[in-house]
Amino acid sequence: MGTERTKQIDAAASAWLIRRDSGSWSAADQACLEEWLNASALNRVAFLRLELAWEDAARLKALGAGVPGDRPPPPGLWNLTPFFSDPHASGEVSAQPETGSKYRRLGRRRFRFVAAAMLLLVIGVGAYLELARSGELYATPIGGLASVPMADGSQVMLNTDSQIRIALTDTERRVELGHGEAFFEVSKDAARPFVVRAGNKRVIAVGTKFSVRREGNDIEVVVTEGKVRVEHGAAVHGSGVDGSADVFLTPGSIARAGDAGVLVQRKSLPEAEEQLSWRSGVLMFRDQGLGEAAAEFNRYNVRKIVIRDPAVAALKIEGNFRATNVEAFVRLLESGFPVRAETQADQIVLAAK
Amino acid sequence: MEEPLDSWFKREILTHEGILMRFLARVWSRRDELPDIRQEAYARVYEAAQKARPQAPKAFLFTTARHLMADRIRRERIVSIQAGGENEYLNVLVDEISPERRVSANQELVRLARAFDRLSPNCREVIWLRRVKDLSQKEVAHRMGLAEKTIEKHLRQGARLLAHYMRAHVPPNRLHAPEVDARDDDEIEHGHRTHQAD
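From first to last, the protein sequence lines stand for chains E and V.
Mind the numbering: the first sequence is residues 1 to 353 in the working numbering, read in order.
Mind the numbering: the second sequence is residues 354 to 551 in the working numbering, read in order.
Bound-form chain V, shown alone:
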């Protein structure tokens, strides 16, 4: 039986968010639009995958994002004389941007801990009691002397910020890694060549 689409999507698409955002940030100068482009790209990939799951999910995601940006440029004539230049850099290969290497379990934990540390003290404590200590919302509210509504607000915000912080930054241990080597590792571990589909 085929794996449910939602869990496939999380594993094959959402895990590339870190590198996708770095790629988008490099080619798109209006930073406040980056989350829109990301979510639109996700939605298009999801819709396509409902019909048929792409063989190379990561490459498909990046191609989709590139097309979206090209559409926006055509639609809005964002740049004046440098339209050519902008299109030019939409053609950079995905692999030009230091690719995500499969991160080890403890790197993931470090990333998670860092993301968690960036939350406000209250939000941090609420998430901790709920997710680590497994207390109910009521118990957390009681323990902290806060209204249950407030606890819910912290939980909602915590979920959104963790999603954002978890993938927003390059782990510093990668700063010195030569990009070419990292690319090769990435290819081997994923077992296929990432290429431009267009």
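Same shape as in the complex, but just chain E:
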């Protein structure tokens, strides 16, 4: 990320940092580094930022103290390492990702430990409880936006008023979308498909980027990378003889699946990305009816926009707006359109001027 200049400075800063730590560092080298740092504040701050991360990385020692051998523990299994005194245990750990069994393990083994491990125990339990939440429910309030890192390396971004439940097993990574909208950046793992369930529909990926939005039994899927399969529950109950219930989506696809069937639109990638502007808290409208735009705003705000006049709802608007700043949106409308707003406690009524 960032433009070339930022990337170049970052690369140079990391090169200086690693060279300084390499063990062969002379006074002349130090003088060169200082010259580089003094040349621009941009150099200086890039270096300090990486140096801070590098100092932080040394604190992995606190988590690594119980790990036998020289290899790092498998990803996501840090939490257990302080508790395994058995040098043969680390190899088995990866077979136990299910959180319930971890907890019981933890409880049993805890008693084996002496006071010397006390500090690590405290840190470990804290870390454990934190990571164990991945088996739990995540929710955002109206207007909320949150990023949830998953233990397998995947990332979930939750939009306004949304709820998911994550469960990772040996054979499947499953996310239940209760309601709302989420964007998934799925890390590659061919052995464990990534499945998003929304009511009677399933969206399945291996390593890709896509979003799923649920409204009752209808879903909308936007794919920006990789390939995604939509399993459409209604067709399973229908004739389903030819097995055509599954729909494959490629980047730029926007699919809407209801009980009647699946409709797929092929768009350009930038257009598909635009649909996902909510990830930065922004709503983008292009030649959109005010009625639809208002409905979109209403997802993000407790105070709802109400339009009773069809002529007002049909006005076309365009622009980028902050999703949670409905007041600013309405003020702009009033200044640019023949529209008058009446603001009440729980709603804003728009009428013709």
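FYI, nobody ran anything at the bench for these hints, they're computed from the structure.
Certain hints may be false.
Stated by the list, open to error - Covered by chain E, per the in silico footprint, the following chain V stretches (three or more residues, Cβ under 8 angstroms): (1) 356-367; (2) 475-488; (3) 502-515.
Unchecked claim - DSS-like cross-link-like pairs, simulated, lysine-lysine; straight-line CA separation at most 27 angstroms: (4) V:Lys363 / E:Lys61; (5) E:Lys61 / V:Lys404; (6) E:Lys304 / E:Lys267; (7) E:Lys227 / E:Lys267; (8) V:Lys506 / E:Lys188.
Said to hold, decoys possible - Going by beta-carbon spacing under 10 angstroms, a handful of chain E positions derived as facing chain V: (9) Ser26; (10) Glu55; (11) Ser147; (12) Val195.
Built from N, CA and C at the ideal position, the CB exists for glycine as well.
Please build the complex by placing chain V on the supplied structure of chain E, with the hints as guidance.
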């Protein structure tokens, strides 16, 4: 004697990177420019602090970032009819975006472990041997059967990615926390009101 500027900068400015990036991401729609804005803001704060250290470093950082974005909008006329709207949301208070609460030591460790887990397997092992096991670059190269140049490449990339991943995400335990409460904690712990300086 006054604390060295560099360590002051790390503690008072760089530790706010998580919330700064969330703030920038919410008000700036061109995501690839976010690191540029961040680094420019850091540089301006650093230069200002060389003359006099700000009393409220966090507020000063955010004000600087806001000014930078406003400058860019003026310069480039990024938005058409919604220029007013864009400026409008540049005026959101810093505290509107769920603020960073002082994270406990173990939360920091969890964040670090997660960041570390996102590195590639080779990069992960190199960093582990170098930073945790304290082996020299030569020893790491020997142990892994890789050229020392390759080890250096992994170390450089590891440092950059850790810096990025460490601050890039909201810890999930904060999802349910009411934003208002979090704000109050933040104010109390920092011992001053964060306010807009402009």
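Evaluated hints:
1. 356-367: holds (count 4)
2. 475-488: Since three or more residues must qualify, the claim that chain E covers the region 475-488 of chain V holds, with 8 doing so at under 8 angstroms.
3. 502-515: That given contact holds, which follows from 8 residues of the region 502-515 of chain V lying within Cβ reach (below 8 angstroms) of chain E.
4. V:Lys363 / E:Lys61: This hinted pair holds, its Cα atoms lying about 21 angstroms apart.
5. E:Lys61 / V:Lys404: 38 angstroms, violated
6. E:Lys304 / E:Lys267: 30 angstroms, violated
7. E:Lys227 / E:Lys267: OK: Lys227 of chain E and Lys267 of chain E at ~15 angstroms, within 27 angstroms.
8. V:Lys506 / E:Lys188: Holds - the C-alpha atoms of Lys188 of chain E and Lys506 of chain V are around 23 angstroms apart, at most 27 angstroms.
9. Ser26: 16 angstroms, violated
10. Glu55: Since chain V brings a Cβ to about 8 angstroms from Glu55 of chain E, closer than 10 angstroms, the hint holds.
11. Ser147: Hint holds; Ser147 of chain E Cβ to chain V Cβ min 5 angstroms, cut 10 angstroms.
12. Val195: At about 20 angstroms, which exceeds the 10 angstroms cut-off, the nearest Cβ of chain V leaves the hint on Val195 of chain E violated.
Comparing the model with each numbered hint stated earlier shows that hints 5, 6, 9, 12 do not hold.
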